[in-house]
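Q: So you can see what is in the structure, the chains are spelled out below.
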Amino acid sequence: MSDVFLDLSANPQAKALVKSLGLPIPMPEPLKRARGVYVERPLMDYSVAVGGLDSGALGAEIAQALTQAGANPLLAGDESSFAYFEGPGEAWARPARALSAESDQCPRLQGLVFDATGIADPKALRALYDFFHPLMGKVARSGRIVVIGREPSATESREAQAASAALEGFIRSAAKEVGKRGATAQLVWVEDGAEARVAPVLTWLLSSRSAFVTGQPIRVSSSVRDNGPHRVARSLDQKVVLITGAARGIGKATAEIMAAEGAHVVVLDRPADDEPASRVARAIGGSLLLCDVSAEDAPERICEYLQAEFGGVDVVVHNAGVTRDKTLKKMKPEVWDQALDINLDAVVRITEALVSGPQPTLRENGRVICLSSVAGIAGNMGQTNYAASKSGVIGYIRSLAPAVADRGVTVNAIAPGFIETRLTNAMPVMIREAARRLSALGQGGKPRDIGEAIMFLSTSGSDGITGATLRVCGGALVGA
Amino acid sequence: MTDNDSKNSSSAKPSARRAASKKAPARKKAPAKKKKKAATRKAPAVQVKGPSRRAVVVAGVRTPFVRAFGSMLRMDTIDLGVAATGSLLDKTQIDCEEIDGIVWGGVVLPGLAPNIAREIALDLKLPSHVEGMTVTRACASGLQAVTLAAAAIERGDADVMIAGGSDSTSNGELKLPQKVVQTLGPLAFGKGTTPMDYVAALAQLMPLSSVLPTMPKIAERSTGQVMGEAAEEMAQRNQVTREAQDRFAEQSHHRAAAAVAEGRFADEVAPLQTPAGKWVHQDEIIRGDTSFEKLSKLRPVFAKQGSVTAGNSSALTDGASAVLVMSEEKARALGYTPKAAFRSWAYSAVDPADQLLLGPALAMPKALERAGMQLADADFVDMHEAFAAQVLSVVHALGSKAFAEQRLGRSEAVGEIDPACFNVHGGSIALGHPFAATGARMVTTMANELVLRDQETALLGICAAGGLGAAAVLERLN
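Line by line, the protein sequences are chains A and B. First residue of the first sequence? That's 468 in our numbering, and the numbers climb one at a time after it. First residue of the second sequence? That's 92 in our numbering, and the numbers climb one at a time after it.
Treat the hints as calculated values from the structure; they're not laboratory data. Treat each hint with caution, since some may be false.
With a Cα cut of at most 25 Å, we get these calculated SDA-like pairs of lysine to any residue [claimed, not checked]:
hint, chain 1, residue 1, chain 2, residue 2
1, B, 457, A, 499
2, A, 499, B, 442
3, A, 797, A, 893
4, A, 499, B, 443
5, A, 499, B, 316
One chain only, chain B, in its complex shape (with noise of 0.2 Å):
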């Protein structure tokens, strides 16, 4: 249906569709010139090809991330969208006339107005001609997002994109059962109905408790698993101990709370004005004071003998962000200076049965792999960190020749990951999770990472329901 849908809206406009059938030699080129490629692989890192048009990161800021249900309550995914967009436009200073569109990502989409991008454009009363699209990926989709614009803009579609994500759990919408609107749809769109038609409806809506709605949860849609379980299986199958997902939620906490204790944040924060009056200034997640001995006293929450709680977990968030993305001569005639650019991106899935967060393990490798690199050369890695079941046996997989050999068809495992340049600042266990804010999230933070300790290269990497990964390598530009 999306299929249908998404040639329907091309074929609505002639122009877009005549561009497209000029590209599309050149698109079907690429291929080709790939494969050339990959026969001379051998080559250093260095020489591997980019694109003739560089789309660079310019700036990025997000909403403080809150617990869901609480201070950001009133705001749904569309205001919160509007809080970063606003928070980007005021922080950079851009001329809007420049911006060509917006790409949002989304996972909980407002049911009534699903492509969030052109609400935000709309709201913040943007020029007319700023387009905009909504993509759904998961968790991935805000990183979607972000390579999305790059590629229209390396494409040569753009000059100017913003691109980000949003989500507020706080107002998910809970589904009426189908069999309720299929059962009045009739009545409502139909014609001739009866007063009998009516009754025959009623009749049909019994018993009651089959026509209330159904409570949203974050269950994998093949197979009925709640993400947590599948990290307690992941954490099992692994043999990723208790003490370890502690340990490693301690340091996400700890880490997060000295950057925002340095003011590490204080540039990629933007203060918001809820609709009530009050002013949310900083992420209200982060346990500072946490311990592991505090970590290890709270109950399992998906198993009884289990070993993942809600200390070890990412929390339900309310929270946006969103970057500027331009390509390089644009951003340098308008007079920026760019941060980073992304040397590759690389998705990928793994069966949702098995492993469902297992997915980055196998974007990571890819994506390195298209930059010409090695794990080694990383100087920072940044995994969005669902659960430390799941980013704990990631890693495993990645320092591991047998998953190498066997699953990646390699020699060598992909290789270990210095905790010292690993998550850095924390990650979505302290942070907080508001699903699609956070690919864009971690783009900011790795490009001005990059700038402010002076590295070069940044790996990426998220996992998404449905056994999904997606991976990135931003590189610093100067």
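The shape of chain A in the complex, shown without the other chains (with noise of 0.2 Å):
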């Protein structure tokens, strides 16, 4: 499961032999992961360089998020937007200090954060750049840049949605640039109305905790109801979370977290992985539950599970998957039936009998986390399968979505890239090397990684997040 590479780089004489030989060799930098559960201050002692405040709506919430979250902003702008900083610079002593980009004294960016919202027409996205290109030699490793804009559906005239779109193509580009410092870059789609739940997104997205999340748009709405406050640390007390498919990998990787943020989780896997998966479930202090999500009574057996252990259920994670990869020529029906039950006719009835009926399982301001993946977006060979099914999870979330929305309950999917499992160390070494370099990142991610993304999705401060599909796949080549 090593990466030869990743581990040469991670040394730096190797590194800067490489480097000043110039050698033909992937030097990925080793992505810095939070470690331990969620604190108060994420973004500790952070650089982080902020701009676009005087035209854009959003100063007040990116200043309360970056000062709470223990960062020092540095600003780029006029007097305006210091105004948005000292209220809550003074609170939580953060006083926001001006940029200066050209002198010695800045320091390495964690992050760039802009706020693009007040954007309207093409000739004002020249502001962008006047922002980031000097900054651009600045971002530290493992930096994240965070764009803010509105939703080009959601503006007004042409030219703004013109202006809007843009930003998608820009930060999709800068991932690329920055990815092989470990660098992230996202863009975050504010719905009118929704933006005091941006803080916590953008929190998120600056920390340790989306190491593995590139190149991408997030969309923030306020159609899901208010969730009311949001805790930081041990936000998942008193919370009850399924997970199917906990005994290893990436599912294991999730309720561990989920179990440290104080979750009780239920660990479901099939009855022949009785031994690991109670050996999970006995290290993270949760229960068992031994069952095959593709049998015919397995909705019914769960709901009544979770009814009669815990009264109802919070969090419920699919991730139980296979993959049964075969042209699709060759593919005998079986094979053909295997993965589409359990990859996604298994998620659709599991989930339908878990919402339905007056007194739903899933309970109010619930979470429902698919599992699709990065193949069921761009397709892959071998896996007419596997991608129809992934990619029939993000139509189902989609249209789940809205219809739960009321009773504050966000329904996401998320779609990993290559991560590093028994599975993928499974494939041919070329592939496997092509699978891991074709990516921003140039590297595989972590099962953590999906755990962090899946963990961040159950929290309160995501009920900004519904319908969507997040990639976690450090900006992987294909894959939209």
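Make the complex out of the two chains shown on their own, each in a separate frame, by following the hints.
A: Written as structure tokens, this is what we have:
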């Protein structure tokens, strides 16, 4: 499972040698990942450059998010920008300072945040260049670029739509440029009226918990009922989480992360995996539910169990899945069925059972998170069945999201790219190498990168995100 | 582990346990009562209901505070505690039979006899029934000891208590690495050791550098940050200038020197004789001749471009202070005139990784609220001065509306402190700061000040390691 080039890059001497000799060896930057549980100040002492506040609409939210999370704000802009930081800066003792990109005083920047909500026509896009151009050499390793804009369809004039859409191309390219430093770039599209929900998303994107997420737009809307005040530390206390396929890999990593945040995790896996599944359940103090998700009675059994044991469930993570790769020409019908039954049909049937009825098992402000795949977005040779099931999941969450929004429930999908697991370790060497390197970050992700994304989508702070597919792929070349 | 220990010790005393269980229902009732009170909090300040029995401060006294490794070098924290407590007994002429116990605060505890309180009672040959406990809450230990004594009295557990604290940085212990203990321990306490075991143990202790004692420093266990660095960081974050810090330090020294000159501390500081026979009469850290100009020449200690200097920080100090606390009836029955009582106290904490010494900005509003008061109602405000940067940061936070809104959930700032009633006789920067002695020193000075100046209330605030904050409201008794 080890990545030789990543190990090499982590060794300063070796890295210097490769650089000075000019060897054609990939040198991916080891990603900075958060250790331990959520803390009150995830951006402690980060230097974060902020721009665009003079014309943007999110000055107050950005100021609040940064100061409260412990970042030191460096402002580009006039006095009106500084005004946003006066109150929060004083309350959290993070006064804003003026950004001077040219001087030696400018530190390495852990974050660059640009409020592009004020950009109303293509000419105004120049502000992006003016802000980022002098700072691109200052981006720290594992730094973060976040641009916040208005969603194109929501804006009024055609000029504004063109300008808003331009942000996506900008951010996708920026992600590729900073990827070799382990840094990421994202676009947050804010719906009118959803401004108050941006702060937790921004904080998470700037934090080291979003290490493998890069180069994509993330929509923040107010379509879901407000989940109320957000907790940072131990935000899953008193919550019951169901994770399917939690015996190993991504499911296990997710179970561990969520249990550490206070959740009671129901570890679900098929009866044949009793041993590893019960080991996980024991280690995290969770419960064990052995069940084949594709079985006819699975939805009923799961609902009955959750009702009887906990009176309901707060978060459901559909992680169980299989690959049964064959080109369509050679694929046997049972192979097609297996992939579709487990990856899509079971997800739909179980979720429908959980959200239906006068007293749904999935409680208010609940969360449904389905594992999709970059293959489901981009397609893959020999995966007609798998990719069909994974894009089917995306269609399902899109359609379910509005139906449960008034109960405060969000429904999202996560599309992992190349993740270092048992499955990918079994790939042929050349294909594996290609899959790892053909991404902005030039390396594979870890199961806990997916776990962190699932964890974030489970918090109340993610109540602005629903019906969305979050790619956790390190900026893979394929997939949109 | 501490939890277990306390359980063990209480189960060893059946009588104590019985007493506790008898009281249990009463204790359970308390929160319910509180809720009711909270619901009707709109009532004016005077109607806040106190305990049915009041604990009162009768007198307080302290040793002179001197620089560590100075004239009280040979006196450890127990000796200092004995000196302060002995002076208190002399001064008050209390009948020792009446004393129920001693609650003592300590920060740098003597490893071989950490229960300083009991050692003081034994060294002073007090009647053997005078029990003792020692508490530690970093620099708030002294105030913790006094409020614990007051709580015990108000709860009816005791009538007469001595409370205080002492610390001798001069007698801090060098700690051997755990590796040494765990390697040599089995040889000393294990059984069946062969010569080969000794050889193996020696081999384990290599290299020798790994078994040298570790240098003690005032660093946070969780973050590794030294306290001065934390003060430096707070100065930067709250934009407290070097000038403001030096001006504040100058004022602390000048006020303390003026108090000494007019004999204000004569009643509070008792001279002591060192084992070498030398008498120490006065605080030795105060510099009445210092000036802003002199202070601004000092070099920053914790950062090259920093602002925290030796001059605007409190020094490492040796000293002890003690107060006599009684139930009001007992005090009057014994013919004492009570000086002050606690209207409230509060302890709180902030994230030590953020602004380590900001605790009082949370604890002081909490104590004021419990006392049913506003900051402006306090006639005196006395804040422990670990660093001028810390004091000014806390003052800044208290005066900030944004801070109140976001961190206290209030719509208005806690308030501005009137410089004229703030640390009227200087503070720890000038007087020195023997960690656990500071709380009782502040209680004594403020209790006396209320009587001397005929005022009503004083607000106390102390910051402490771990991000702790402590506060109390003292009120004058007539």
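Q: For each hint, tell me whether it holds in the structure or not.
A: We went through each hint and held it up to the structure:
1. 457(B) / 499(A): Violated, at about 39 Å.
2. 499(A) / 442(B): 23 Å, holds
3. 797(A) / 893(A): This hinted pair holds, its Cα atoms lying about 21 Å apart.
4. 499(A) / 443(B): 23 Å, holds
5. 499(A) / 316(B): Status holds; Cα separation ~22 Å.
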